[in-house]
Amino acid sequence: MGNISSNISAFQSLHIVMLGLDSAGKTTVLYRLKFNEFVNTVPTIGFNTEKIRLSNGTAKGISCHFWDVGGQEKLRPLWKSYSRCTDGIIYVVDSVDVDRLEEAKTELHKVTKFAENQGTPLLVIANKQDLPKSLPVAEIEKQLALHELTPSTTYHIQPACAIIGEGLTEGMDKLYEMILKRRKSLKQKKKRTDNSGGNKAAPASRAQIPELRSPTRS
Numbered sequence: 001m002g003n004i005s006s007n008i009s010a011f012q013s014l015h016i017v018m019l020g021l022d023s024a025g026k027t028t029v030l031y032r033l034k035f036n037e038f039v040n041t042v043p044t045i046g047f048n049t050e051k052i053r054l055s056n057g058t059a060k061g062i063s064c065h066f067w068d069v070g071g072q073e074k075l076r077p078l079w080k081s082y083s084r085c086t087d088g089i090i091y092v093v094d095s096v097d098v099d100r101l102e103e104a105k106t107e108l109h110k111v112t113k114f115a116e117n118q119g120t121p122l123l124v125i126a127n128k129q130d131l132p133k134s135l136p137v138a139e140i141e142k143q144l145a146l147h148e149l150t151p152s153t154t155y156h157i158q159p160a161c162a163i164i165g166e167g168l169t170e171g172m173d174k175l176y177e178m179i180l181k182r183r184k185s186l187k188q189k190k191k192r193t194d195n196s197g198g199n200k201a202a203p204a205s206r207a208q209i210p211e212l213r214s215p216t217r218s
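When the letters of the sequence shown are read in order and numbered with full-length UniProt numbering, they come out as residues 1 to 218.
One thing to keep in mind: the hints can contain errors.
Claimed, not checked - DSSO-like, lysine-lysine: derived pairs with alpha carbons at most 30 Å apart:
hint, residue 1, residue 2
1, K74, K110
2, K189, K80
3, K51, K174
Quick caveat, the hints were computed from the structure, so don't treat them as lab data. Quick caveat: nothing in here was measured; it's all calculated off a predicted structure.
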C-alpha cells in the first residue's frame, strides 16, 4: 500500500474525540500520540485539545485534531456536544478496574446512541494491558457488550499500554481505516441519491466533507 498521507491535502484534519471514565488513561494516550513519550498528567477538568500529525503506521502523516474530554461524572453531559459530528470516537477503558466496567459500558452505549453519532467509527482502547491483573481483551469486549452497539456502529477494540505506547499505532491505523470506509460509503450513498433524482439531499455532515480518496496500491 502506498503512503496514505500523499492522498490527503495538507489542510485537511480529522476531528477525533477521546472519551472514557476518569482515570482510564485518556490524557496519557493523547500525549503519548503527540510526543511519543510518557507525560505525567493530572485529572482533566474540562478538556484538552491537541492537533497532532500521526508519526507512525499506515496513517503516518495524517493530521488529527483531538479533543480529550474529562471523564468525571459531572463532566459526562458534555460528551454529547463534543462528539457531535466527529470523524471518530476513541473510548479508553481501564483494563484493571473491573468494578467500573459496567459503568464504562453504560456511558459508552449512551454515546453511540446519540443521533449525531450514528455510524461514527469507534476505537475502544483497552488500556493498562501491561499490568498483571488486566482483563483479556475478549473479556472486556464481552463486558462492554460491544456486539450490542447500534447496528450502524463500526468498532475495533485494541489492547494497549499508553505509558509505553504499545498498541496505539495499530489502534489509530484501524480507526483511520474505518473512517475512510465510512466516507467512501457516504459518498456512494450521496451519489446514488443524486442519480435517483429524489428529494434534495440534506446538508452534508462533517463526516462527509472534505472527501478523502481511498488509499492507492503501490
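Kindly indicate which numbered hints from before are broken by the structure, ordering the numbers from low to high. none
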